[in-house]
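**Q** Using the sequences provided together with the hints, build the complete structure.
Chains A and B, in that order, give the protein sequences.
Just so you know, the first sequence maps onto residues 1 to 354 in the numbering used here.
Just so you know, the second sequence maps onto residues 355 to 708 in the numbering used here.
These are calculated hints, taken from the structure and not from any lab test.
Some clues are possibly wrong.
[Said to hold, decoys possible] To be clear about the criterion: a stretch of chain A counts as covered by chain B if any three or more of its residues have a C-beta under 8 Å from a C-beta of chain B, and this derived list gives those stretches: (1) 48–59; (2) 141–153; (3) 194–208; (4) 267–279; (5) 292–298.
[To be verified] Calculated Cβ distances over 12 Å to all of chain B for the following chain A residues: (6) Arg-15; (7) Arg-67; (8) Gly-84; (9) Glu-169; (10) Asp-175; (11) Leu-216; (12) Pro-223; (13) Pro-323; (14) Ser-325.
[Stated by the list, open to error] From the derived model, a few chain A residues whose C-beta atoms are all more than 10 Å from chain B: (15) Met-1; (16) Ala-327; (17) Gln-331.
Note that CB positions come from ideal geometry on N, CA and C, so glycine has one too.
Number of protein chains: 2
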Amino acid sequence: MPVVSAKPLEEFAARVLTAAGLEPEEAAVIAGGLVQANLRGVDTHGVLRLLQYCDCLAAGEINPRPRVRVVSRSAGAVLVDADGGYGFRPTLLAVELAVELAREHGLGLAGVRASHHFGMAAAYAERIAEAGLIGMVTANTGPVMAPFGGARPALGNNPIAFAVPRRPEPPLVLDMALSQVAFGRIRLAAAEGRPIPTGWAYDSRGRPTTDAGEALRAGLLAPMGEHKGSGLSLIVDVLAGILTGSPVGHEADAHGRRRGGVGHLVLALRPDLFLPEAEFHAALERRLTEVLATPPAEGVERVLLPGDLELATARRREAEGIPLSAALARQLAALAERLGVGPPPWASAPDESP
Amino acid sequence: MPVVSAKPLEEFAARVLTAAGLEPEEAAVIAGGLVQANLRGVDTHGVLRLLQYCDCLAAGEINPRPRVRVVSRSAGAVLVDADGGYGFRPTLLAVELAVELAREHGLGLAGVRASHHFGMAAAYAERIAEAGLIGMVTANTGPVMAPFGGARPALGNNPIAFAVPRRPEPPLVLDMALSQVAFGRIRLAAAEGRPIPTGWAYDSRGRPTTDAGEALRAGLLAPMGEHKGSGLSLIVDVLAGILTGSPVGHEADAHGRRRGGVGHLVLALRPDLFLPEAEFHAALERRLTEVLATPPAEGVERVLLPGDLELATARRREAEGIPLSAALARQLAALAERLGVGPPPWASAPDESP
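**A** See the structure below:
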């Protein structure tokens with residue numbers, strides 16, 4: 001299993017995306033976002049996505065030269081048009097604009113329309129928190145979950161991320177999809193012949209199932225908290241999709257079967273809206289200390305805060321490198337060869353003899 | 355089981371609260387909120403609360419004469435001080451101010467500090483939607499849930515409500531607490547000797563339990579979606595509690611053991627922030643029609659939207675009256691007698707012979 005440092009992996013990803021048709025600046029931004037996800041241990045949103053992104057670019061489903069621009073601006077809110085390209089660059093712009101608005105007016109809202117996959121939502125919320133503000137970022141996706149009481153996919157697992165600045169600690173970051181689990185965990189259970197807990201997925205008739213294979217065949221993820229996650233997904237469709245003028249539901253497709261498939265919404269709030277910033281931070285640290293002091297459940301070492309695991313993984317991987325599975329490494333090497341961008345950083349020097 | 359019309363029940367509740375020490379105007383607002391919850395079928399937040407509220411008022415835990423006032427105002431945000439009284443009146447004021455700000459600036463945020471129980475969160479979000487805007491309302495509460503991996507209550511079940519205006523239908527309303535279920539459902543299972551599903555509660559060592567009795571003894575509700583609801587509760591503590599300068603966590607107490615125990619946050623957004631209002635409504639109706647057309651799961655008649663059940667209950671109860679359990683009716687009658695406010699509307703005329 002190759003272990004690769006973040007920087008060469010990011011450069012490799014940027015080369016691949018450039019060869020797939022993106023402008024170098026756009027490729028670099030996306031490569032940075034993917035590797036940031038790998039660093040945090042969110043490998044589902046890491047360089048694994050290069051395979052999908054290059055397929056979508058090759059199929060012409062993504063605008064490789066998007067003209068990302070602000071199309072509406074008022075005192076409290078701006079709208080960015082992603083022009084059918086990937087969501088990374090327009091959402092970073094939305095974050096920047098929301099932070100500017102919030103600095104001036106206390107809170108700032110930025111929508112992104114006609115966008116595609118933007119990687120890990122946490123990255124954008126975290127950037128707001130690093131600027132000293134409270135951030136919320138959300139996106140709609142195509143349907144993968146059953147609505148409560150339904151037997152067909154009709155709802156996105158619409159991610160929501162929050163980040164709260166801390167002093168001097170790194171931000172508190174919560175990033176969650178609205179399905180109870182991702183398909184990946186069900187695939188793993190199926191591969192290992194294990195049952196899944198009820199509450200993860202439904203069978204093809206919409207009934208709770210513990211059979212991982214049946215769950216994969218039905219393709220019906222359960223919303224977290226049943227009717228609660230179901231309702232919340234619809235609310236995110238409204239906020240990220242409908243409000244921004246982006247496609248939602250069966251018209252939406254974060255995986256790129258059409259140009260401009262989803263929308264995003266970014267909210268930034270000043271922590272000192274209503275009280276001095278030092279008081280906000282003192283109260284926050286008191287609260288977090290209190291939660292961390294909760295006696296752990298049997299078999300648990302200690303209670304963690306949202307984002308603690310990801311932060312620990314990032315520190316480890318920054319020092320030790322990012323492990324890639326042998327299968328992924330092979331697929332990425334084949335992709336690089338097909339695109340003619342030279343060997344990946346984990347490959348030994350290519351054999352140049354005839 | 356008495357069945358009572360909303361209006362006389364509301365008048366009765368107002369008389370009780372006035373006799374318990376509230377000013378008539380404040381009592382009328384709270385009585386209206388409680389009966390609105392009963393109408394929607396949310397009986398946990400209905401006139402049942404008169405018992406608790408009168409106890410708290412008698413114990414001096416609630417300010418019966420709060421000076422509700424705006425203490426901070428900027429272009430995008432206002433803060434209302436509840437002055438240690440109940441949350442109904444200050445949150446209605448916050449809603450009004452958030453709607454005003456949103457009409458002018460596109461979005462408006464209003465915090466409420468030093469507050470107490472505000473009844474059903476949906477009522478406030480719905481009022482924003484009735485004004486034509488998208489509403490979000492949230493509140494922190496005292497600890498009733500285990501943080502993920504913990505074995506003691508440390509997190510509130512912090513309700514979040516959203517409402518989205520529809521034309522011409524009544525608003526789409528989602529109101530959820532962040533525990534998977536309320537204690538009431540576990541109490542019911544225990545009373546009926548039924549096990550509870552895993553995912554509802556933990557035992558005293560923080561392990562998932564299916565034993566309803568054990569769950570009640572431990573008093574550890576499970577967050578919806580495990581680590582997801584756990585993290586989200588902490589985010590609501592930040593938004594509703596810390597940001598507004600209100601107590602959070604173990605310092606917070608929505609049930610009134612101290613004056614000014616919790617905070618609330620209200621956000622209003624114009625649906626026409628980024629696109630013409632008619633387009634927003636057309637896209638929303640297309641999306642809702644799509645979700646409603648999902649084939650239902652086996653044993654389910656049809657897929658419902660968030661708030662559909664509550665709306666149906668409200669229509670029925672507006673026509674037929676609100677059923678009260680015999681036990682609740684007795685307790686309320688005893689309360690009324692103790693406070694000397696005359697018989698409840700469901701009692702036969704009192705025997706006035708000596």
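**Q** Just want to verify: A/Pro-223 was marked as not at the interface with chain B; is every Cβ pair farther apart than 12 Å?
**A** Given a closest Cβ separation of 9 Å, the condition is violated.
**Q** Verify this label for me: A/Ala-327 is non-interface relative to chain B, using a Cβ-Cβ cutoff of 10 Å.
**A** It holds; A/Ala-327 is separated from chain B by about 28 Å at its closest Cβ, greater than 10 Å.
**Q** Determine whether the non-interface label on A/Asp-175 survives the test: each CB of chain B must be over 12 Å from its CB.
**A** Incorrect as stated: the minimum Cβ-Cβ distance to chain B is 9 Å, not above 12 Å.
**Q** Check whether three or more residues of the stretch 194–208 of chain A sit with their beta carbon closer than 8 Å to a beta carbon of chain B.
**A** Coverage by chain B holds for the stretch 194–208 of chain A (7 residues, Cβ < 8 Å).
**Q** Against chain B, does A/Arg-67 keep a CB gap of more than 12 Å to every residue?
**A** holds, 18 Å
**Q** With d taken as the least Cβ-Cβ distance between A/Met-1 and chain B, does d exceed 10 Å?
**A** holds, 27 Å
**Q** Could you let me know if the closest chain B CB is still more than 12 Å away from the CB of A/Pro-323?
**A** Non-interface label stands for A/Pro-323: nearest chain B Cβ at 23 Å, farther than 12 Å.
**Q** Is the claim that A/Ser-325 lies outside the interface with chain B correct, judged by CB distances over 12 Å?
**A** About 24 Å separates A/Ser-325 from the closest Cβ of chain B, which puts it past 12 Å; holds.
**Q** The output says A/Arg-15 does not contact chain B. Does that hold with a beta carbon cutoff of 12 Å?
**A** holds, 36 Å
**Q** Take a quick look at A/Leu-216 and tell me if its Cβ sits farther than 12 Å from every Cβ on chain B, holds or violated.
**A** Answer for A/Leu-216: holds, closest chain B Cβ roughly 18 Å.
**Q** Confirm or reject the statement that A/Glu-169 sits farther than 12 Å, beta carbon to beta carbon, from all of chain B.
**A** Since the minimum Cβ distance to chain B is about 14 Å, A/Glu-169 lies beyond 12 Å and the statement holds.
**Q** Count the residues of the stretch 141–153 of chain A whose Cβ falls closer than 8 Å to any Cβ of chain B, and tell me whether that reaches three.
**A** Holds, because 7 residues of the stretch 141–153 of chain A bring their Cβ atoms closer than 8 Å to Cβ atoms of chain B.
Consistency with the previously given hints fails for numbers 1, 10, 12, ordered from lowest to highest.
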